Every structure is written in C-alpha cells, then in structure tokens.
Amino acid sequence: DTAVSQTPKYLVTQMGNDKSIKCEQNLGHDTMYWYKQDSKKFLKIMFSYNNKELIINETVPNRFSPKSPDKAHLNLHINSLELGDSAVYFCASSQVLLAGTHEQFFGPGTRLTVL
Amino acid sequence: DAKTTQPPSMDCAEGRAANLPCNHSTISGNEYVYWYRQIHSQGPQYIIHGLKNNETNEMASLIITEDRKSSTLILPHATLRDTAVYYCIASFPQGAQKLVFGQGTRLTINP
Numbered sequence: 001d002t003a004v005s006q007t008p009k010y011l012v013t014q015m016g017n018d019k020s021i022k023c024e025q026n027l028g029h030d031t032m033y034w035y036k037q038d039s040k041k042f043l044k045i046m047f048s049y050n051n052k053e054l055i056i057n058e059t060v061p062n063r064f065s066p067k068s069p070d071k072a073h074l075n076l077h078i079n080s081l082e083l084g085d086s087a088v089y090f091c092a093s094s095q096v097l098l099a100g101t102h103e104q105f106f107g108p109g110t111r112l113t114v115l
Numbered sequence: 116d117a118k119t120t121q122p123p124s125m126d127c128a129e130g131r132a133a134n135l136p137c138n139h140s141t142i143s144g145n146e147y148v149y150w151y152r153q154i155h156s157q158g159p160q161y162i163i164h165g166l167k168n169n170e171t172n173e174m175a176s177l178i179i180t181e182d183r184k185s186s187t188l189i190l191p192h193a194t195l196r197d198t199a200v201y202y203c204i205a206s207f208p209q210g211a212q213k214l215v216f217g218q219g220t221r222l223t224i225n226p
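Top to bottom, those sequences are chains A and B.
Residue 20 in the working numbering sits at position 20 of the first sequence, and the numbers go up by one each step.
Residue 189 in the working numbering sits at position 74 of the second sequence, and the numbers go up by one each step.
To be clear, the hints were calculated from the coordinates, so they are not data collected in a lab.
These numbers come from a predicted model, not from an experiment.
Heads up, some of the hints might be wrong.
Stated by the list, open to error - The calculated lysine-lysine pairs, modelled on DSS-like cross-linking and capped at a C-alpha distance of 30 Å, are:
#1 Lys36(A) <-> Lys67(A)
#2 Lys118(B) <-> Lys44(A)
#3 Lys118(B) <-> Lys36(A)
#4 Lys19(A) <-> Lys213(B)
#5 Lys41(A) <-> Lys213(B)
#6 Lys213(B) <-> Lys44(A)
#7 Lys9(A) <-> Lys41(A)
#8 Lys213(B) <-> Lys167(B)
#9 Lys67(A) <-> Lys19(A)
#10 Lys36(A) <-> Lys9(A)
#11 Lys9(A) <-> Lys19(A)
#12 Lys71(A) <-> Lys22(A)
#13 Lys36(A) <-> Lys22(A)
#14 Lys40(A) <-> Lys67(A)
#15 Lys213(B) <-> Lys36(A)
#16 Lys19(A) <-> Lys40(A)
#17 Lys41(A) <-> Lys22(A)
#18 Lys167(B) <-> Lys44(A)
#19 Lys213(B) <-> Lys184(B)
#20 Lys213(B) <-> Lys52(A)
#21 Lys40(A) <-> Lys184(B)
#22 Lys184(B) <-> Lys41(A)
#23 Lys67(A) <-> Lys213(B)
#24 Lys44(A) <-> Lys184(B)
#25 Lys213(B) <-> Lys118(B)
#26 Lys40(A) <-> Lys213(B)
#27 Lys22(A) <-> Lys213(B)
#28 Lys213(B) <-> Lys71(A)
#29 Lys71(A) <-> Lys19(A)
#30 Lys40(A) <-> Lys118(B)
#31 Lys36(A) <-> Lys184(B)
#32 Lys213(B) <-> Lys9(A)
#33 Lys118(B) <-> Lys41(A)
Working from the sequences, and respecting the hints, build out all of it.
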C-alpha cells in the first residue's frame with residue numbers, strides 16, 4: 001500500500017537515449033511534483049501538476065517533458081540524455097487545500113545514471 | 116520564499132534531545148516554517164510545520180521565536196533511526212508549494 005511509488009528504482013542508460021520515469025500516488029492528492037537531487041545532494045523542484053495542469057515549471061531543459069495522464073500519475077520523459085542528467089529523481093504529491101497545503105509525500109526516488 | 120540557514124552538521128547521543136536550529140531572518144508574515152528530513156537514499160519525509168505558535172506532533176516539537184526570525188526543531192528522545200539530513204524551509208502555503216531545500220543539517224545520533 002505504497003503511497004507514492006516510482007518505477008524504475010534504478011535506470012542506467014547511454015548518452016543520447018530517451019527514457020521515462022513513472023510515478024503513481026494512491027493518496028487521492030490533486031498535485032504532483034518532480035524534484036531532482038544531484039550528486040552534491042541539492043534537491044530542486046522541476047515541475048508541478050495540479051489536476052493534470054502544469055503549474056510549476058522551473059528552468060529545466062526542454063528535453064524534460066512531464067506528462068500527467070490523470071491526477072494519480074505524473075511521468076517524466078527525458079530526451080537525448082546527457083551525462084549531467086545523472087541524479088536521483090523524486091516524485092511527490094500533496095493535496096492543495098483552499099487554505100494551503102502543508103505536507104508533500106515523496107516517493108522512494110529513481111537513480112538515473114547516464115554513461 | 117525566505118532563505119534559511121542551518122548548521123551543516125550536528126551530533127547527538129542516543130536517548131537525548133536533539134535540538135536543530137534554523138535562522139530565517141527574512142521570513143515574511145505569512146510564510147510558514149516547515150521541517151523535512153531525508154534518511155540516507157530515501158525520499159524526504161515531512162516532520163512538522165508552524166507559523167507563529169510552538170507546535171508538537173508525534174515526531175517532534177517546533178519552537179518558533181516571537182520575532183519569527185529563527186526556530187528550533189526538537190527530537191525529544193533521539194534514536195539511531197533519526198540519523199538523517201534535516202531541512203528547514205520557509206514557504207507560503209498557498210497553492211502548490213515549491214519547496215526550496217537548502218543544504219540542511221546532517222544529524223548523527225551516536226550510540
């Protein structure tokens with residue numbers, strides 16, 4: 001009964017390939033996020049979707065394209081992978097209330113290694 | 116969102132209270148203080164949040180100074196499983212939150 005799940009857990013691929021990471025939440029939340037944690041351990045937000053609508057889009061190369069088929073899923077597709085894309089990617093979800101949201105639930109992460 | 120400053124590392128003996136400080140001198144009136152932690156290789160985990168008043172839940176207590184320029188997270192009886200990086204974040208609660216994680220404090224609980 002995992003709250004936020006990600007697949008795959010590990011992803012090793014060659015430069016130039018295209019890959020996707022999937023995220024699913026079973027908490028009934030309306031907002032989902034993607035964060036990137038680089039080798040220096042800094043955790044930065046990339047995207048956020050609310051009810052399948054993109055609402056946060058940080059300065060991320062357009063090789064990264066999030067896709068939200070429904071409220072429970074937010075997938076991350078990466079084209080033309082580069083060495084610098086190697087990182088741990090975390091998905092998160094929250095319920096945005098009228099008065100604000102107070103907790104994001106994070107998935108276990110996907111460790112992407114680009115060779 | 117206001118910038119926060121935390122010590123890079125702290126140690127605490129198992130069973131003792133761990134007090135983690137955070138400075139947020141530029142916090143605005145309606146920004147909340149949030150604490151998350153990240154245990155090695157896992158996703159961040161929410162701990163507690165507050166605006167003005169001190170808060171307590173089953174995990175920790177949060178003490179916010181009257182001027183709201185600093186706060187302290189208290190783990191009352193630290194265990195080895197509390198070893199993690201702790202992040203203090205100042206953020207507006209409206210809408211989807213863009214949590215800005217700083218370097219955090221690496222807390223090591225020693226047996």
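Hint check:
Between Lys36(A) and Lys67(A) the alpha-carbon distance is near 16 Å, which keeps this suggested pair within the 30 Å criterion. A distance of roughly 14 Å separates the Cα atoms of Lys118(B) and Lys44(A); the hinted pair therefore holds under the 30 Å criterion. Proposed proximity of Lys118(B) and Lys36(A) is supported: the alpha carbons are some 19 Å apart, at most 30 Å. A threshold of 30 Å between alpha carbons decides the hint, and for Lys19(A) with Lys213(B) the separation of about 25 Å falls inside it, so the pair holds.
Restraint check: the Cα-Cα separation between Lys41(A) and Lys213(B) comes to about 17 Å, which is no more than 30 Å; the hinted pair holds. Proximity of Lys213(B) to Lys44(A) is assessed by CA-CA distance (about 9 Å); at most 30 Å being required, the pair is judged to hold. As the CA atoms of Lys9(A) and Lys41(A) are separated by approximately 18 Å, the hinted pair is consistent with the 30 Å bound. Restraint check: the Cα-Cα separation between Lys213(B) and Lys167(B) comes to about 21 Å, which is no more than 30 Å; the hinted pair holds.
With a C-alpha separation of about 13 Å, the suggested pair Lys67(A) and Lys19(A) falls inside the 30 Å cut-off, and the hint holds. Restraint check for Lys36(A) and Lys9(A): satisfied, since their Cα atoms lie roughly 14 Å apart, inside the 30 Å limit. A distance of roughly 13 Å separates the Cα atoms of Lys9(A) and Lys19(A); the hinted pair therefore holds under the 30 Å criterion. Among the hinted pairs, Lys71(A) with Lys22(A) is consistent with the structure: their alpha-carbon atoms are about 13 Å apart, no more than 30 Å.
Between Lys36(A) and Lys22(A), the direct Cα distance comes to roughly 14 Å. Compliance with the 30 Å bound is thereby established for this hinted pair. Restraint check for Lys40(A) and Lys67(A): the C-alpha separation of about 27 Å stays at or below 30 Å, so the hint holds. As the CA atoms of Lys213(B) and Lys36(A) are separated by approximately 13 Å, the hinted pair is consistent with the 30 Å bound. Distance check on the hinted pair: Lys19(A) and Lys40(A) sit about 23 Å apart at the alpha-carbon level, within 30 Å; holds.
Straight-line distance between C-alpha atoms of Lys41(A) and Lys22(A) comes to about 22 Å, which keeps the hinted pair within the 30 Å bound. Distance check on the hinted pair: Lys167(B) and Lys44(A) sit about 27 Å apart at the alpha-carbon level, within 30 Å; holds. Of the supplied pair hints, the one linking Lys213(B) and Lys184(B) holds, its CA atoms being roughly 21 Å apart against a limit of 30 Å. A C-alpha spacing of about 17 Å is found between Lys213(B) and Lys52(A), which places the hinted pair at or below 30 Å, so the restraint holds.
Between Lys40(A) and Lys184(B) the CA atoms are separated by roughly 28 Å; this keeps the pair inside 30 Å, and the hint holds. A threshold of 30 Å between alpha carbons decides the hint, and for Lys184(B) with Lys41(A) the separation of about 26 Å falls inside it, so the pair holds. Between Lys67(A) and Lys213(B) the alpha-carbon distance is near 18 Å, which keeps this suggested pair within the 30 Å criterion. A distance of roughly 24 Å separates the Cα atoms of Lys44(A) and Lys184(B); the hinted pair therefore holds under the 30 Å criterion.
Pair hint Lys213(B) plus Lys118(B) holds up; C-alpha atoms about 13 Å apart against a cutoff of 30 Å. A hinted pair counts as satisfied when its Cα atoms are at most 30 Å apart, and Lys40(A) with Lys213(B) qualifies at roughly 20 Å. Only pairs whose Cα atoms come within 30 Å are accepted, and Lys22(A) paired with Lys213(B) is accepted, the gap being roughly 21 Å. Restraint check: the Cα-Cα separation between Lys213(B) and Lys71(A) comes to about 18 Å, which is no more than 30 Å; the hinted pair holds.
Restraint check for Lys71(A) and Lys19(A): the C-alpha separation of about 22 Å stays at or below 30 Å, so the hint holds. A hinted pair counts as satisfied when its Cα atoms are at most 30 Å apart, and Lys40(A) with Lys118(B) qualifies at roughly 19 Å. Distance restraint check for Lys36(A) and Lys184(B): the Cα-Cα separation of roughly 29 Å lies within the 30 Å cut-off, and the hinted pair is therefore satisfied. A threshold of 30 Å between alpha carbons decides the hint, and for Lys213(B) with Lys9(A) the separation of about 24 Å falls inside it, so the pair holds.
At roughly 18 Å between alpha-carbon atoms, Lys118(B) and Lys41(A) fall within 30 Å of each other, so this suggested pair holds.
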